[in-house]
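Novice: Below are the chains, spelled out letter by letter.
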Amino acid sequence: MPFARDYGGYLSNRSFGGAQVSRTFYARGQTGQQLLLGAYSALIRQVRRGNIVLLPRREMLDLVVADGNARGIVCRNLVTGEIERHPGHAVILATGGYGNVYFLSTNAMNSNATAAWRCYRKGAFFANPCFTQIHPTCIPVSGQYQSKLTLMSESLRNDGRVWVPKRKDDRRPPAEIPEEDRDYYLERRYPSFGNLVPRDIASRATKQICDEGRGVGPTKLAVYLDFADAVRREGIGYIREKYGNLFDMYERITGEDPYRTPMRIYPAAHYTMGGLWVDYNLMSTIAGLFVLGEANFSDHGANRLGASALMQGLADGYFVIPYTIGDYLAGTSLPSIAADHDAFATTAAEVEQRVRRLTSIRGEKSPREIHRELGRIMWNYVGMSRNAEGLRQAVEAIRGLRDEFWQNLRVPGDVNHLNKYLEFAGRVADFLELAELMAIDALHREESCGGHFREEYQTEEGEAVRNDRDFAYVAAWEFTGVGREPTLHKEPLVFENVPLSVRSYK
Amino acid sequence: MKLDGKIPGGPLPEKWDRHKDALKLVSPANKRKFDILVVGTGLAGASAAASLAELGYNVKAFCIHDSPRRAHSIAAQGGINAAKNYPNDNDSIGGCFTTRSRAETFDPARRTYIAWHS
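Line by line, the protein sequences give chains A and B.
According to my numbering, the residues represented by the first sequence are 1 to 506, in order.
According to my numbering, the residues represented by the second sequence are 1 to 118, in order.
Isolated chain A, as found in the complex (with noise of 0.2 Å):
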């Protein structure tokens, strides 16, 4: 793995959003890339092996349990729409996180909720699926048929000052504007962290700029993060080569060179820090279920900081469940089953008649147009700032278009075939679902704490004001059907090192 060295030879570090040491080790702007090569390598030894099988262009569509136990799961072959029935002695969820759910995200376009949400409906729980990351240096929207957004990373505020300017309608470009007009907001509000308070604190700080009208660009829906001083400080060589391929990615998407003007940027939906519950074995509340990476809820709490996401999803396949797996099967009696067993035959026939029942309704709509709705909802009221009434209003409304996909959805094509609206349609119903569930938990934590802000409780600066005594547990979810209120459990936190404390980024 390629990673940083300094002079020394060590590796090398840089800081991240919400912590005050360098900690974070990198490869340039492109450290999943080359962390994901070696996975893959390791990936790709097992199967020419023969220790692994490979199914690619399969959708698991639902979970098999048999005796309490995950058996297996149901998938549809995307290339000839058969079902699939897969046996087996464990499951291992790694299906990532849900940020799709607002349409627009820095998530990859088939990222998806669906196996998740299945596994929820079968017994699951989900836990606090109100805490979602929206990270604050994305390019900004550009028009209504944007598909998905780009990341620029975190690690760009090292280097980067985000500003806009002082007056509201200023409209000189950037290079015009001298520095006594100019408000550095981050560092003025948070002096000791400046531009690196965590992600929350940035995007929600320029959510407030940007509302007051002091946004930047065509839609006034972007500040500047400007790279001047360092290029001027360390040279434009040094700048090169700690992000060059950030800002060529850049100048790609928007025709501007950020060597020379500041980039645009805005927040966009980028992580979710809930997900299905787990305990420390990784194991969820179905046995024989197990959950890595993005897709459980555990490590992150409210507020995942920068770099710990890669360190959790490698932790997780490479260190943990290599153990806790062998105390599972080792201590579990498990009956060998075959894929004619009566929990397989079901199974299959209720994802058939599901995947039938979407290419049958031959209404009006398809189903990108239902969930860019389904986005805009989630956007505005179970986005970066939410409030009682407006979460209310996004129930109601979630339900209704839930309706409406049901009596007014098109899925051209058939179910024997490549079917890229029909996958697309199975995970718009799923995301209608736990849409609905993340409202309800916004609504029921009342307090703000990391990515969740309730407008109700902020000081009069606008900072979060958590509720220790009443909402310091995990909130999980278990299904009692659709439409229906999710039964809540709680798991108390417990502090054993660190004091519960306030942390403040000022």
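In short, the hints are calculated from the structure, not lab data.
We put the beta carbon where it would ideally sit given N, CA and C, even for glycine.
One or more of the hints may lead you astray.
[Said to hold, decoys possible] Not the full set, but computed from the structure, chain A residues with beta-carbon under 10 Å of chain B:
id : residue
1  : Val91
2  : Glu294
3  : Met311
4  : Thr480
5  : Val482
We have chain A; now place chain B onto it with these hints.
Specialist: Quick look at chain B alone, frame taken from chain A:
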């Protein structure tokens, strides 16, 4: 139903090791008898599938894309954390984070392995 996080007792830096020592084992000959389904082949899924296969389990890995190289983990730009105090800036290498979460599962013994192994 009472949720049991199964978080082990004892001092934080020792929790994971003590927990590991108490886990039951599957013998190498018996590992071959178990089929493990891994859904998703990003960083978490690929690393799990590879590690379990290396141990001797039969693994089936399911991927929504045409290749695991398409996994969205590839888009992670910034970096990976480990508290090592390399730059001598007083990072706490036995400590933990103070955001409110299940802070006790921020278990440095589990987390700093990453830097050792990379």
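Novice: All hints, please: hold or fail.
Specialist: Checked hints:
| no. | hint | in the structure |
| --- | --- | --- |
| 1 | Val91 | 5 Å, holds |
| 2 | Glu294 | 7 Å, holds |
| 3 | Met311 | 5 Å, holds |
| 4 | Thr480 | 13 Å, violated |
| 5 | Val482 | 21 Å, violated |
Of the numbered hints listed earlier, those contradicted by the structure are 4, 5.
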